[in-house]
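K.L.:
Let chain A serve as the given structure and place chains B, C and D on it in line with the hints.
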Amino acid sequence: MNNVILVNLPFIVVALLLAVGFYTIGFKRNLIKVVIGIEILEGAVNLFLITLGYVKGAYAPIYTMAPKEAVNNMVLPTPQALTLTSIVIGVAVSALMLAFAVNIYEHYGTLDVTKVRRLKG
Amino acid sequence: MRKALGLFAFIGFTLFLLVAVMSLRPFGEPVHTEMDSYFIEHAQAEASANNVVTSIVFDYRGFDTLGEATVLFTAVAGVLMTLRRREVKA
Amino acid sequence: MTTLIIKTTTRYLTALILTFGAYIILHGHLTPGGGFQGGAVFASGLALLIVACESDVIRERFKKVPLSALESIGALGFLGTAALGFMGYTFFKNVIANSGFPLFGGRTPIGINPGYLNTGGTLSYMNIFVGTKVLAGLTSIILVFYLLLEVRKDE
Amino acid sequence: MIEHLPALMIAVPLFGAFTTPLLKKNYKAAAVWATLITAVTLGMSLLLVREVLIREIMVYVFGADKPTLVLPSGYRVPIRIIFEVDAMGALMALSATLMSFIGALYSYSHVRNETGLEKYYALLLLLEVGILGMVLTGDLFNLFVFLEIAGIAGSALVGFRNYRGEASEAGIKYLIVSSVASLMVLFSIGLLYGEYGNLNIAYLSTQIGFNTVDIIALGILFTSFAMKCGSVPTHHWVPDAYTEVPSGINPTLLVATYASLYALFRVSFSLFGKVSSEMSSVGWIMCVLGVLTMFIGVTMALVQKDVKRLMSYHAISQTGYMLLGVGVGLAVLNDPAKLAAFGRDAMAGGIFHIINHIIYKSLLLMTAGALFYVTGTRNLNEMGGLARKMPYTTVAFIVGAAAISGIPPFNGFASKFLIYETAYQLNPLLAIFAMVTSVLTLASFVKVFASAFLGPPVKEYENVREVPRSMVIAMIILAVLCILFGLFPNVVLDKLVYPAVDALLNLSGYQTWGGVL
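First to last, the protein sequences are chains A, B, C and D. Going letter by letter, the first sequence gives residues 1 to 121 in the numbering used here. Going letter by letter, the second sequence gives residues 1001 to 1090 in the numbering used here. Going letter by letter, the third sequence gives residues 2001 to 2155 in the numbering used here. Going letter by letter, the fourth sequence gives residues 3001 to 3517 in the numbering used here.
For the record, the hints were derived by calculation from the structure and aren't laboratory data.
Derived lysine-lysine pairs resembling DSS-like cross-links, with alpha carbons at most 25 Å apart:
| no. | chain 1 | residue 1 | chain 2 | residue 2 |
| --- | --- | --- | --- | --- |
| 1 | A | Lys115 | A | Lys28 |
| 2 | B | Lys1003 | A | Lys115 |
| 3 | D | Lys3389 | D | Lys3447 |
| 4 | D | Lys3305 | D | Lys3459 |
| 5 | C | Lys2064 | D | Lys3025 |
| 6 | D | Lys3024 | C | Lys2064 |
| 7 | C | Lys2063 | D | Lys3025 |
| 8 | D | Lys3305 | A | Lys115 |
| 9 | A | Lys28 | B | Lys1003 |
| 10 | D | Lys3024 | C | Lys2063 |
| 11 | C | Lys2007 | C | Lys2064 |
| 12 | B | Lys1003 | A | Lys33 |
| 13 | D | Lys3338 | D | Lys3274 |
| 14 | A | Lys33 | A | Lys115 |
| 15 | D | Lys3447 | D | Lys3459 |
| 16 | D | Lys3338 | D | Lys3495 |
Away from chain C, derived, C-beta distances all over 12 Å, residues of chain B:
| no. | residue |
| --- | --- |
| 17 | Lys1003 |
| 18 | Ala1004 |
| 19 | Leu1005 |
| 20 | Gly1006 |
| 21 | Gly1012 |
| 22 | Phe1013 |
| 23 | Thr1014 |
| 24 | Leu1015 |
| 25 | Leu1018 |
| 26 | Val1019 |
| 27 | Leu1024 |
| 28 | Phe1027 |
| 29 | Val1031 |
| 30 | His1032 |
| 31 | Thr1033 |
| 32 | Glu1034 |
Values in this document were obtained by computation on a predicted structure and should not be read as measured data. Glycine residues also receive a C-beta, built at the ideal position from the N, C-alpha and C atoms.
Isolated chain A, as found in the complex:
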């Protein structure tokens, strides 16, 4: 059992990070903290994608000046490309959320999600 946990440590870290992100979104009242929670989720998912691509003892998938052993012994490149896409999407989402947060602070004078509730019912 101990061995299984140690071998799969990156995956478990991903699950725990996801849990931390959900906790932040669900139980924090400050809007900026909610945004941080989404960023944590984002980081967890990116980490998950990268760990999926890892191959034991392999090299980076680049041929420029690579060592001889790297031929046919490279980590999976697709997850890295997917992560690149997902990072940019994360930047975009957080920028827009912060812009909304600025606007909300202007209008209500607070960032507490329990007080910012004009829309009800």
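P.N.:
The following block gives chains B, C and D in isolation, referenced to the frame of chain A:
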């Protein structure tokens, strides 16, 4: 009461996530690598790039990158629109 | 924020950061990096420049820079490069790779090699366009938030 | 050139979106340009529907030598991004382009006094791109990217009226929901990639064996897409977003919601279609969710004072009908006799209801926008006696209200009747709940009609006139469609809906990319 219920759901979800990642294949030993080995073998001949990741980002999955650029474009337009000078309707 | 330390550091570092960003964009198909990463590095250099100056100076300086148009041009260039594939192939076909086209059309040797800049086909063009787009987009986001901050301070 | 149609469906509106911000000085030019682009896209989607009906499935491989070269020579797995358009996707693409066109037309007058319009039209086109990408793609990660485009563009548009605090609040709510949902979609895509090493839906569907990882991935995908289409436990963002968004965006935002529903169907029928016996319990979950959604939505709607908010709660309740219809089909998927007897018709009812609902709910929300345009308020208690002043809007409202309540000559009746009939055969209780919901819907709209259009005229609105021409034209087009779809339901069912149902059920066709192998 409500908070306790939320906490309960949260713990359940955490366990669910742990089960999800534990039942995955072991770390560092991918099983099906047909797609990725194609990329590694053919990137130089087809996409003329030494960097396999760039060949995927802009050639094999280039359409995703167009979407990604669009997401950034959308976000910039959205931020500029949200923070534009406020004018109440005349 | 505009202390002497930041100002002096900026004077020496900005040029280096911008050069590094341009290097990452141009060598995207050979070394780690590419249009997005290079554009982000470039934008961070400009961000350093923005935070080191007074907001009036910044406003004056960036009034002449058509960031929004630059972003549109980058995006349209990307789309256009991808649409080159409509000539006989499909959307996003790398038509220039290994074709002998004078710019970026060189042949890549198979296997480990030192890396030649004149390769990559449409990849290199796309890197440049995406780099332009990303640096314009991120800079305008930073700029709009920064100017907003300054307006609040005045009021 | 016709084989490039799926790629052009994305490229043309994207070109329009990238060029629109350049027209900063002249908002009229931006509006005309956006309308033109949406009209061209509408024409192309009509062509696409015709082409798909002939060929059954259209495949487009991005970056290959030929559009139909799915597998590289000597390889067993697809490696590139593939667009796989079947009748279901083409149907959704048609509704997306039609509604974007109507929305652009309506917006020309509706938002002309606001600032930042070049961004508004660019975002409208980007929202359209997001929906089109979601419904045309055959690749899971591509689906995620376009889901994010639609979510970001939609939430930016929800926050368009930035001088109102409520708009920003609704916008960030929508953005949080959509980004959490799409991140969880990405997580389950990662699970599937880690297990099978590929991202193509058709290829993955041949590999799936329903082990623990697959079940978890299905659960997360199901929950996330249900969250984004406004099903019950997470429906709170729907009324806020629909209320605060400018009425010209409402049609497209509705289609964006149902694009998530489409993704839900695609996951249930295509990605996990191989394990159809296990999917029947998922079908039952969908049915129960549908009944809960329709019932809770309509009861919340009854107490609303704000006219757009009331209609938004009805949108939730109508989503329940679609879930119920398709859920009945999914529940009997592994039983060919029952499927032929009523399962196929139930799915047809659910899918037909998607189109019908998009049409009449857009119409209703646009009449609410017209009321807001002339009166400046959305509170029902402050309106009254507007029927005489705004004849076209009144007629449009009557058509829409009759359609949503399921009164015979209009389109709502055709699809609701199919759903009642078939849900009754699965379990009578489901049908009874659906009918009760329908009656409550009628009651609620009678209330709106009485308080806004009838009654004594209110003094402040003595000088109001009919809304400008472009808004009237947009509403009339939709009203005519409502009546046409109600008078000739069989034509629409045979030409559009049953092909879509058969496309969802035809798993082997989907798995072989329409037989190009």
